[in-house]
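Protein chains: 2
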Amino acid sequence: MKNNQFSITPTTHQQKIAELTRIGFLPSEFHFANSKELWQHFLQLSYPESGNPANVSQFLAGLLATQDTAVPDFLESYEPLTTEIFYVVALQLLQFEPELDFKPNDIIQSMKKIQLPFLMPTKWDQTTIIDAWYLLLCTHTKNGQTLLDNLTGRGFLTPLYDLPAAQKPIFFNGKSIAIFDPTKLIHEVVYVESSLDTDRDQQADLLKVEILRPGDTNGHLKVPAVYTASPYNQGTNNAWGDQLTHNVNVPLAHKSATTFQTNTTPFTAPTKTITTTATTKQATETFSREASYTLNDYLAVRGFAIAYAAGIGTKNSGGMQTCGSPEQTKATVAVTEWLTGKRKAFTNPTDGTQIKAWWCNGNVAMTGRSYLGTLATAAATTGIAGLKTIISEAAISSWYDYYRENGLVMAPGGFQGEDADVLAAETFSRKLTAADYHSIKPVFHQYLHEMQVAMDRQTGSYNDFWRARNYRLNLANVTADVLLVHGLNDWNVKLNQAKEVWDHLPNTISKKIILHQGHHIYINAFRSFDFSDIVNLWLTNKLWEVANQADEILPAVIAQDNINLETWHPFDNWEESGQQQTWFLHDKSLINAPQKNAQLQTFNDQQPNQTFTDFCRQPAQWQSTMALTSNQFSLCFKTGTTKDELLLRGTPMLQIRVASSTDHGLISAQLVDYGMTKRFNEAPSILQRNGIQLGFNWREDDLREFKLATRATPYKIISYGHINLQNRHNAQQTDNLVANQFVDAQFDLQPIFHHLAIGHQLGLLIFATDFGMTQRGNEPITYQVDLSGSQLLIPTVQRS
Amino acid sequence: MKNNQFSITPTTHQQKIAELTRIGFLPSEFHFANSKELWQHFLQLSYPESGNPANVSQFLAGLLATQDTAVPDFLESYEPLTTEIFYVVALQLLQFEPELDFKPNDIIQSMKKIQLPFLMPTKWDQTTIIDAWYLLLCTHTKNGQTLLDNLTGRGFLTPLYDLPAAQKPIFFNGKSIAIFDPTKLIHEVVYVESSLDTDRDQQADLLKVEILRPGDTNGHLKVPAVYTASPYNQGTNNAWGDQLTHNVNVPLAHKSATTFQTNTTPFTAPTKTITTTATTKQATETFSREASYTLNDYLAVRGFAIAYAAGIGTKNSGGMQTCGSPEQTKATVAVTEWLTGKRKAFTNPTDGTQIKAWWCNGNVAMTGRSYLGTLATAAATTGIAGLKTIISEAAISSWYDYYRENGLVMAPGGFQGEDADVLAAETFSRKLTAADYHSIKPVFHQYLHEMQVAMDRQTGSYNDFWRARNYRLNLANVTADVLLVHGLNDWNVKLNQAKEVWDHLPNTISKKIILHQGHHIYINAFRSFDFSDIVNLWLTNKLWEVANQADEILPAVIAQDNINLETWHPFDNWEESGQQQTWFLHDKSLINAPQKNAQLQTFNDQQPNQTFTDFCRQPAQWQSTMALTSNQFSLCFKTGTTKDELLLRGTPMLQIRVASSTDHGLISAQLVDYGMTKRFNEAPSILQRNGIQLGFNWREDDLREFKLATRATPYKIISYGHINLQNRHNAQQTDNLVANQFVDAQFDLQPIFHHLAIGHQLGLLIFATDFGMTQRGNEPITYQVDLSGSQLLIPTVQRS
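So the protein sequences, as listed, match chains R and H.
In terms of full-length UniProt numbering, the first sequence has 205 at position 205, counting the first letter as 1, and numbering is strictly consecutive.
In terms of full-length UniProt numbering, the second sequence has 81 at position 81, counting the first letter as 1, and numbering is strictly consecutive.
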């Protein structure tokens with residue numbers, strides 16, 4: 001176990017005393033006879049399971065103070081408290097086991113190894129004990145939560161539930177703590193009236209919102225709102241999605257000018273809105289178990305109201321699913337407008353009873369991963385007031401880059417044949433309410449048909465349909481502070497989706513990015529990393545407006561190491577300037593100096609029938625054949641084995657001079673880390689089912705962490721890119737292509753942040769059909785690559 | 001989706017009215033103008049999310065009454081209610097989707113296909129609507145819970161939380177319903193004083209018990225207790241277990257008389273017990289999140305108190321882990337003795353404050369799987385009063401058959417090298433309390449060492465150590481009714497563990513067994529099977545003593561089909577008499593008539609070095625090589641392809657005449673279902689994470705179901721057995737064995753309940769080393785099998 005905490009904020013001694021007093025660890029006036037008595041006092045309070053002296057004594061009797069002295073014996077002795085004793089006991093409180101996890105007789109070394117913060121005062125007096133105890137409460141246990149959160153999950157904070165609302169929230173080390181009774185959370189439903197009519201029924205589309213807010217809001221406490229827009233959370237139509245999935249075994253066509261419609265019929269403004277007949281502070285509808293994000297569950301008992309909305313085209317809302325259109329963004333924003341007092345909502349769709357978000361302090365954050373984070377990004381690009389920050393995880397910033405790439409139809413990794421229409425149908429959860437669906441069916445099917453034309457799988461080019469779904473065009477409008485999270489192995493929502501946002505956010509805002517070794521996953525339950533604490537610090541700063549130095553203490557970039565488990569590094573930016581490196585192609589090598597003479601290498605994209613079928617069924621088989629065997633359908637270039645560990649950062653760029661044997665063609669490329677080693681498993685392991693208590697008798701999460709694979713593998717793909725040779729200038733403009741005539745193409749591969757271990761080789765694979773992502777025509781096209789006109793560039797390459 | 005419900009109990013019309021009234025679906029005096037009005041009343045109450053007419057109307061407006069009429073339009077019409085309309089709406093309430101899951105215009109056929117119970121009254125008057133509505137509430141939704149439980153999870157029953165304790169519990173269709181407020185559950189810890197001193201400190205071993213009981217017990221309600229004894233639930237020492245795991249790559253030895261100690265030093269009775277200094281009704285220690293069984297979670301809000309105890313040798317208890325010894329059984333029983341008023345407990349280990357289970361009605365059940373179920377079985381064999389029933393899942397009934405077999409050291413499938421000592425160390429969670437462990441360490445290590453001798457991995461024979469751990473010797477004592485559950489693919493705790501109990505329980509008790517297609521898993525969250533309801537019906541009968549016909553309506557045997565998904569069949573017994581079949585061995589065939597002439601076939605157990613290493617590392621590779629290729633190390637015999645589907649039931653028996661080329665040897669056998677087909681996946685799939693609400697705002701479970709594998713496989717092992725050729729009479733007696741001399745051995749294979757599909761073949765594999773389970777000496781032993789003296793018998797073989 002290695003601990004990585006970035007969210008512990010510097011606190012003065014006086015402030016520590018004040019905070020310890022407020023949560024009950026110190027009486028308001030305290031006089032302890034000596035430092036051991038103070039320490040004993042702290043220990044006794046660390047067993048929230050009982051206040052009875054006999055039970056607490058049993059707890060203390062179980063703790064070792066030294067290798068062979070129990071705490072009660074030490075307390076009775078005349079021995080003074082030492083650093084060793086303080087931390088031998090502290091580590092047991094943090095759930096570490098003597099001998100197994102740490103050496104009681106070499107405690108400092110053990111703590112350094114686990115990366116636990118600690119103090120080494122020259123004297124253990126009451127001042128230093130208070131400092132050390134405070135730090136200990138901020139320190140993570142063996143199971144991925146701070147000791148304070150561990151105590152919280154065992155009931156330590158319940159006495160504070162009954163504090164007057166005016167004395168809430170309470171912050172500890174710059175973070176809001178769980179003093180809000182989960183059994184008193186108010187669950188309520190409202191219907192926000194948008195200014196849209198996407199189902200073309202003249203009526204303004206209503207948006208169902210599910211809200212959880214602290215019971216204390218009824219006692220005049222105003223709280224910020226954490227809002228998650230999730231098109232999935234009222235249910236999905238998976239069978240429909242499967243049925244619409246496109247055949248991808250179709251040939252690429254030569255492109256000429258596009259003649260068909262590239263957008264859908266515009267929506268008009270609603271002509272009918274609901275007339276307010278009454279106002280109320282009480283909703284009349286509740287909900288039982290929302291599809292929740294466990295990060296929000298963590299926040300819900302820490303004083304943040306949580307709002308979920310699925311948006312237009314979902315169950316119990318109006319409108320249609322449009323897959324990322326400006327209307328969906330407007331619907332997303334409408335909820336924030338209501339939360340901040342700028343839009344109407346009603347307790348039901350019909351009788352005109354209006355309800356305000358009177359309990360909201362006007363500050364809103366958005367959270368969520370994938371489509372959810374996408375809508376957070378979309379909302380932020382409108383510059384809407386009141387949206388103070390977004391925590392956008394694995395989010396799409398341009399739908400073109402999700403379903404297309406450089407003039408090609410492109411699948412999100414693992415979802416061959418998916419497209420905007422498939423996702424629209426899958427998330428059109430109005431279908432789940434049978435009679436509602438019956439009424440909207442023809443209108444939605446008409447829209448779906450229009451989408452299918454406009455999204456244009458024929459040319460794969462960028463057009464009006466995709467421009468309308470490109471949030472990056474509006475990044476300059478962003479006023480919310482931004483915390484991005486993305487998996488360095490996310491082949492579904494690819495890394496350029498985050499990198500483009502990162503690079504182009506206005507510098508008037510505060511921004512942070514966390515890059516982890518997962519694929520398309522959440523990271524809030526990792527043992528090695530304090531993500532939930534970081535989010536708490538961040539939101540306490542942005543929404544409660546507490547000056548906790550969140551902007552200053554959190555690194556701009558945190559990147560998880562891909563060689564060493566449970567290791568997270570801080571950086572100032574994704575790239576660092578002045579450290580770019582170019583590799584030239586020669587024979588089968590990537591070399592440092594250019595070669596003057598033209599050197600041609602060829603490959604042919606066609607597979608024998610059976611091989612083609614096998615590769616389609618199992619892209620992993622195609623991938624390993626390509627990466628590991630010499631074959632006719634790809635070219636492979638490698639560096640020599642590295643003498644130093646290399647850290648490769650930024651967006652690699654491939655320049656290639658190529659000729660296709662026909663009037664159309666594509667080029668794909670992959671960057672490969674070659675070297676036999678045990679790499680991280682693709683998915684984190686569950687260390688403990690329900691191992692994380694998000695509050696006391698509240699919801700739970702599974703404690704997770706990456707482990708090394710049990711077997712060594714010879715390679716790993718670290719980046720890739722694809723281009724249609726008729727889109728050499730950009731994805732919109734069609735360039736001509738003549739058979740066997742060389743053209744120069746230049747395109748970005750997916751951004752990287754990758755440690756190449758000593759003795760490994762960097763590899764570059766060049767090929768055409770990508771069985772996992774591109775369409776698969778299996779045409780007999782021969783490609784010639786002129787190595788002298790081809791090169792690979794990585795913006796930052798560092799030796800370590 | 002196919003629904004299988006066995007727990008709906010016949011109820012009179014008057015009783016239905018009384019129950020519907022009690023849960024709030026009918027007012028105590030009701031007069032509806034007509035049947036449609038009554039139906040509308042029921043529908044309106046089926047939206048517990050709101051009592052507001054406008055919100056409820058929105059809910060009704062979403063329901064289709066016919067293919068193209070919404071419910072409100074139908075209600076306003078003069079059309080009468082029909083079977084079709086009732087069930088089109090009903091299926092929507094059950095979360096089925098029109099067109100996707102059922103055909104609104106062919107509703108009867110759809111319901112038959114899904115196996116939903118329904119009524120077809122000639123007239124839909126108020127009487128039949130009440131009957132049909134009642135049945136509907138008992139019917140499972142698409143997501144594996146009754147409609148009533150679905151409504152419960154959405155808050156329907158919360159108004160009943162505040163009923164006076166005297167009016168609780170409430171039963172619906174013979175089952176206790178969730179009217180106990182989960183936020184009012186009392187969590188308390190007591191320390192039961194056993195009459196054991198297994199840690200040899202003179203003091204009676206104390207046993208920590210964690211109890212959840214309804215808040216209503218404080219209001220004079222007495223409730224039954226559901227008790228789970230789990231040695232795991234205070235934590236485990238996995239690293240220690242790994243470290244103790246035995247090397248299994250050791251040769252079998254010739255056995256002569258055993259000379260060493262075959263039992264551990266006896267424990268003596270404690271000389272010191274706690275003196276009661278005070279009594280209390282209030283515990284002084286609580287707990288936060290116990291390691292719970294979700295079936296118990298389901299029961300906890302239905303009025304059953306839940307008790308967990310880890311027993312001797314676990315964290316915060318006294319004593320040592322003994323892996324199944326009589327002392328562990330006594331410790332297990334001690335908790336029941338306290339629950340039934342026959343033993344003392346204290347609020348803490350030191351000050352003598354005694355506490356009674358004053359809230360318990362004196363009726364106790366035990367639940368749990370694997371080691372947990374094992375201890376339930378162990379407890380039942382003591383015949384202890386007050387233990388009314390055990391629900392024993394995948395339980396061990398003789399530890400010899402868990403770690404040994406017919407004179408051989410044998411691994412539980414997947415756990416090569418595990419033995420009683422390993423499990424004792426793993427579960428000795430006193431180690432997790434460092435100072436406590438420090439005090440007990442030498443005593444436990446001494447015991448562990450004695451175990452390691454007495455369990456005897458040298459001969460693998462049955463001895464005093466194992467006799468002490470054989471609960472079957474006491475099955476005649478059982479007075480509790482027994483519900484057994486076992487996976488037909490459980491290679492960990494094997495099927496004979498359940499079959500032996502099933503066959504030898506006294507016929508004075510009521511017994512049931514459920515055989516499912518899982519391996520070593522829980523089955524309480526399956527979509528297709530009403531296990532939780534069955535348990536509720538069973539426990540309501542046994543613990544609340546409600547005459548709900550549980551014994552009569554539940555089939556003696558329920559066996560899940562291995563060919564058809566989501567299909568569960570009732571049977572009267574495991575076997576059926578008079579249908580046994582014997583196969584004789586000839587050439588490579590299993591044939592129906594004996595062959596007179598001796599026919600010898602030989603195989604050699606030794607593998608080339610690399611193959612041996614590979615097979616050790618990957619037993620699956622050994623298994624497929626053996627089952628599918630002709631090889632030197634096994635013999636294979638197959639029937640012809642079946643013309644009818646065969647149902648094979650009971651304990652197969654293999655008679656074999658064999659000679660080993662040396663003075664020791666073993667014979668292993670497997671029964672194989674040969675035939676290329678898509679079989680069930682080994683593990684069920686999670687259909688919906690947290691898809692099952694076990695109460696309202698209470699704990700959750702993941703909805704699961706088996707799916708078919710995506711690929712066809714050529715075979716599946718359905719049974720197996722192993723014997724040491726020196727244990728031809730029994731596991732205790734050593735028979736002589738002379739090289740190359742033929743001996744007759746006869747041994748049982750694991751019990752089966754298996755459908756052999758048409759066109760498949762039954763196969764018998766005979767070999768020696770089982771890489772997954774036996775020790776692996778890789779000796780150059782040649783075995784000769786005389787086919788004329790060998791035959792296979794299956795007790796029940798049925799054609800269908």
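One or more hints might be untrue.
[As the list claims (entries may be wrong)] Derived, one-sided and incomplete: chain R residues facing chain H with beta-carbon distance under 7 Å:
no. : residue
1   : Thr-183
2   : Glu-285
3   : Gly-691
[As the list claims (entries may be wrong)] Result set (DMTMM-like, lysine to aspartate or glutamate): computed pairs, CA atoms no more than 20 Å apart in a straight line:
no. : chain 1 : residue 1 : chain 2 : residue 2
4   : R       : Lys-441   : H       : Asp-73
5   : R       : Lys-441   : H       : Asp-101
6   : R       : Lys-716   : R       : Asp-644
If you are wondering where the hints come from, they were derived from the structure by calculation, not from laboratory data.
Cβ coordinates follow ideal geometry from the N, Cα and C atoms, glycine included.
Verification of the hints:
Restraint check, Thr-183 (chain R) versus chain H: the minimum CB separation of about 4 Å is within 7 Å; hint holds. Because the smallest distance between the Cβ of Glu-285 (chain R) and any Cβ of chain H comes to about 4 Å, under 7 Å, the interface hint for this residue holds. Below 7 Å, beta-carbon pairs count as interface contacts, and Gly-691 (chain R) has none with chain H, the closest being about 9 Å; its hint is therefore violated. For the hint pairing Lys-441 (chain R) with Asp-73 (chain H), the CA-to-CA distance comes to about 18 Å; that is within 20 Å, so the pair holds.
A hinted pair counts as satisfied when its Cα atoms are at most 20 Å apart, and Lys-441 (chain R) with Asp-101 (chain H) qualifies at roughly 18 Å. Of the supplied pair hints, the one linking Lys-716 (chain R) and Asp-644 (chain R) holds, its CA atoms being roughly 19 Å apart against a limit of 20 Å.
In this structure, the one hint that does not hold is number 3.
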